[in-house]
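Could you put the whole structure together from the sequences, leaning on the hints where they help?
Each chain, written out:
Number of protein chains: 2
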Amino acid sequence: MKAMNANIKSSIADITLYMSEVGHAARHASRAIGKASTAIKNQALGAIADSIVEQIDGLKKANALDLAAGKEKGLDAALLDRLELSDERIHAMAEGLRQIATLPDPVGVISSLAYRPSGIQVGQMRVPLGVIGIIYESRPNVTADAAGLCLKSGNAVVLRGGSEAIHSNQAIAQCIKHGLKVAGLPEEVVQVIATTDRAAVGELLRMKQFVDVIIPRGGKSLIERIANESQVPVIKHLDGICHVYIDDEADKEKALKVAFNSKTQRYGTCNTMETLLLAESISAEILPVLAQMYLDKGVEIRGCEKTRSLLKANAIDVVAAVEADWSTEYLAPILSIKIVQGMEEAINHINQYSSQHTESIVTENYTRARQFLREVDSSSVMVNASTRFADGFEYGLGAEIGISTDKLHARGPVGLEGLTSQKYVVLGDGHIRQ
Amino acid sequence: MKAMNANIKSSIADITLYMSEVGHAARHASRAIGKASTAIKNQALGAIADSIVEQIDGLKKANALDLAAGKEKGLDAALLDRLELSDERIHAMAEGLRQIATLPDPVGVISSLAYRPSGIQVGQMRVPLGVIGIIYESRPNVTADAAGLCLKSGNAVVLRGGSEAIHSNQAIAQCIKHGLKVAGLPEEVVQVIATTDRAAVGELLRMKQFVDVIIPRGGKSLIERIANESQVPVIKHLDGICHVYIDDEADKEKALKVAFNSKTQRYGTCNTMETLLLAESISAEILPVLAQMYLDKGVEIRGCEKTRSLLKANAIDVVAAVEADWSTEYLAPILSIKIVQGMEEAINHINQYSSQHTESIVTENYTRARQFLREVDSSSVMVNASTRFADGFEYGLGAEIGISTDKLHARGPVGLEGLTSQKYVVLGDGHIRQ
Numbered sequence: 161m162k163a164m165n166a167n168i169k170s171s172i173a174d175i176t177l178y179m180s181e182v183g184h185a186a187r188h189a190s191r192a193i194g195k196a197s198t199a200i201k202n203q204a205l206g207a208i209a210d211s212i213v214e215q216i217d218g219l220k221k222a223n224a225l226d227l228a229a230g231k232e233k234g235l236d237a238a239l240l241d242r243l244e245l246s247d248e249r250i251h252a253m254a255e256g257l258r259q260i261a262t263l264p265d266p267v268g269v270i271s272s273l274a275y276r277p278s279g280i281q282v283g284q285m286r287v288p289l290g291v292i293g294i295i296y297e298s299r300p301n302v303t304a305d306a307a308g309l310c311l312k313s314g315n316a317v318v319l320r321g322g323s324e325a326i327h328s329n330q331a332i333a334q335c336i337k338h339g340l341k342v343a344g345l346p347e348e349v350v351q352v353i354a355t356t357d358r359a360a361v362g363e364l365l366r367m368k369q370f371v372d373v374i375i376p377r378g379g380k381s382l383i384e385r386i387a388n389e390s391q392v393p394v395i396k397h398l399d400g401i402c403h404v405y406i407d408d409e410a411d412k413e414k415a416l417k418v419a420f421n422s423k424t425q426r427y428g429t430c431n432t433m434e435t436l437l438l439a440e441s442i443s444a445e446i447l448p449v450l451a452q453m454y455l456d457k458g459v460e461i462r463g464c465e466k467t468r469s470l471l472k473a474n475a476i477d478v479v480a481a482v483e484a485d486w487s488t489e490y491l492a493p494i495l496s497i498k499i500v501q502g503m504e505e506a507i508n509h510i511n512q513y514s515s516q517h518t519e520s521i522v523t524e525n526y527t528r529a530r531q532f533l534r535e536v537d538s539s540s541v542m543v544n545a546s547t548r549f550a551d552g553f554e555y556g557l558g559a560e561i562g563i564s565t566d567k568l569h570a571r572g573p574v575g576l577e578g579l580t581s582q583k584y585v586v587l588g589d590g591h592i593r594q
Numbered sequence: 161m162k163a164m165n166a167n168i169k170s171s172i173a174d175i176t177l178y179m180s181e182v183g184h185a186a187r188h189a190s191r192a193i194g195k196a197s198t199a200i201k202n203q204a205l206g207a208i209a210d211s212i213v214e215q216i217d218g219l220k221k222a223n224a225l226d227l228a229a230g231k232e233k234g235l236d237a238a239l240l241d242r243l244e245l246s247d248e249r250i251h252a253m254a255e256g257l258r259q260i261a262t263l264p265d266p267v268g269v270i271s272s273l274a275y276r277p278s279g280i281q282v283g284q285m286r287v288p289l290g291v292i293g294i295i296y297e298s299r300p301n302v303t304a305d306a307a308g309l310c311l312k313s314g315n316a317v318v319l320r321g322g323s324e325a326i327h328s329n330q331a332i333a334q335c336i337k338h339g340l341k342v343a344g345l346p347e348e349v350v351q352v353i354a355t356t357d358r359a360a361v362g363e364l365l366r367m368k369q370f371v372d373v374i375i376p377r378g379g380k381s382l383i384e385r386i387a388n389e390s391q392v393p394v395i396k397h398l399d400g401i402c403h404v405y406i407d408d409e410a411d412k413e414k415a416l417k418v419a420f421n422s423k424t425q426r427y428g429t430c431n432t433m434e435t436l437l438l439a440e441s442i443s444a445e446i447l448p449v450l451a452q453m454y455l456d457k458g459v460e461i462r463g464c465e466k467t468r469s470l471l472k473a474n475a476i477d478v479v480a481a482v483e484a485d486w487s488t489e490y491l492a493p494i495l496s497i498k499i500v501q502g503m504e505e506a507i508n509h510i511n512q513y514s515s516q517h518t519e520s521i522v523t524e525n526y527t528r529a530r531q532f533l534r535e536v537d538s539s540s541v542m543v544n545a546s547t548r549f550a551d552g553f554e555y556g557l558g559a560e561i562g563i564s565t566d567k568l569h570a571r572g573p574v575g576l577e578g579l580t581s582q583k584y585v586v587l588g589d590g591h592i593r594q
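In order, the protein sequence lines correspond to chains A and B. The first sequence: position 285 = 445 (the numbering used here), numbered continuously. The second sequence: position 237 = 397 (the numbering used here), numbered continuously.
Simulated from the structure, these hints should not be mistaken for lab results. Careful: at least some of the hints might be erroneous.
Claimed, not checked - Straight line, CA to CA, 27 Å or less: simulated DSS-like cross-link-like pairs of lysine-lysine: (1) A:Lys368 <-> B:Lys380; (2) B:Lys396 <-> A:Lys195; (3) A:Lys396 <-> B:Lys195; (4) B:Lys472 <-> B:Lys195.
Here's what the structure looks like:
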């Protein structure tokens, strides 16, 4: 780890030149990793994990530099916590890489190879995207996770972490380089940008010739800025304003379970419910019980007029939801509740206010379940299940690099397959067009 | 057809307002078409086709206005030909729409619905993209084709044709509106922009809130300009610099057939071969015969030094290829030829100069065929088949809206499925996250 600090360049004279070298090297390395065998890629993942465990002291020393600088800069406790690399988190990083090694390799999978009337056989082969740029905030474990997913899916990656984690990220980068070398892969398959200069991000977003896709991870303002500025296509996840709709034909027990879990299982996650919609005819039966469950848990309720008067009649006072509440991602123990006539009004509300992340209906009605699944235009649409399931691990992707609320390419949790594309393959026997 | 001219607004006072109304109406209509049944969509396609045939005289009258204006503006013969709506072309438009009706509906198809350890069932459902903007040049038949493909795939579409075809496009738009009405669908599912003001394109490219993807169709300069300017994601096809590589283990007959057909079956198409690569050890056997075939057909050859001296020894003089030839899409009876050591050099040449459209290897060698398929990073990669097969109809997509040389979302011919995306669907029975 001793060469580590030498890799951090707080000022590089020519950022454009530096980034163009990074881009060029990434494109070149993408050819090698694109054709690397599954065994070699898994070997690299294992060797990186080994190196991370071996270098645990070095990683913690580098992390201590970031933590000290962070304290001096006055970062708040939550940020400092996210920045910290504890023994447990370092072992979890290594374990995450070993798990990625166990996932099926998506690259080279050929689907629907079929004969055409002309006699040629046509199919689609899954192929890496090429070079992926990832821009992320303080958690240094993203460096290992993102590198592992890109590597396994046959892509080269350029990582740009937050400046507050630069020492930690560079220390992890050394472990990654070591692992790539052990497996005989070019070190440039994974490059962690070695400067905190913000101009480097601007360059990355302009390098269309070297970078195939940008994935930003972090707060909404970071992602919005990157999406607006980038000339490279972006897979982005802006926010999660998720809804649960309790239909008038809902099973009461399921409704209570799903609505309670969707809000309270974790508050700060993007798949947490922010607005509960409730059919009017079932509201008297459900809402007073459910509201009490939320209040006992410490969740603040902001209700529509009907919600407020129904609860008031049950001796529960809640504040009025204002227009802005319907489009707010609280990420906190706050819930807005609206009573609607039925599913149609619920779907209209969702279409207007949802961030198209995840919506769930609770119903026993077959026709409405089918209709909700078809008509709600979100990346995950559920029946009788907690919105908290919208997650790469729960969906069986093994791991996720993010959750896309875009429509092109990948929607919802993006795992290894989301980091690939498909090309056409044609097999002939000297076939020509007539 | 009499109201037709009233729809053409050569100057709209407030283009921003007009386009925002178009965008708003498209977003609204996208909800209706997104949930429309297959039967209703097919009924609309049939009714549009009927209307086009019924209105053949009106269409030709409108087209005559465009042709007259085009002649006055001094458009060349090729452009005027592309602009013309003959009886045959009008019937072909209608027939194209009826064929789209026979294609399977991609919307709502659920794949890989499987139980997860948590007990939930997770799958992916194919869904429309939403609103598609299509910007295209002179051929008015694109108006009907593009509208049909978007409609069948459950999308609303905003079409912006070339100003030289405005009367023809508006006349076709009237037939489309009529067909949509017959099927009980909103007329705004297909909107053809009723002004030739170029500011409308600028607005379209900025309407992220209303438009989900832009598909430009036309020359390279149009597409480049749109891709650079657009804030909406673009599915684009820039150019087709396609290669055939004849390996030293090629079957001679197949090599001659594939290389000849790839160049000469049609010259002006994007899947036409522009550069032939040839393994040195087989070149003496193949090249003189093949070159004579090209020359007899009137194809100009531009050769590397080895090509020139080999052909000279066979009494054939060809001009020298210069560096620019390797990256030129001739779209004409011109072919550049390069002799390489073997497949590795061929792949390196392709990686450097190809537009990643279509490349084909001619070989009997099993290992090299597999390697070429895996390692060549183009949207179509072929073995022993003419590059001219890279086409939506030949691939069984039924129809195509374009050929994408991008990497995200769709690569190669884009048919109905390429105009859709996939969302996750989750089925539970009151399941919650632990």
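Quick rundown of the hints versus the structure:
no., hint, in the structure
1, A:Lys368 <-> B:Lys380, "17 Å, holds"
2, B:Lys396 <-> A:Lys195, "26 Å, holds"
3, A:Lys396 <-> B:Lys195, "26 Å, holds"
4, B:Lys472 <-> B:Lys195, "65 Å, violated"
Checked against the numbered hints given earlier, this structure breaks only hint 4.
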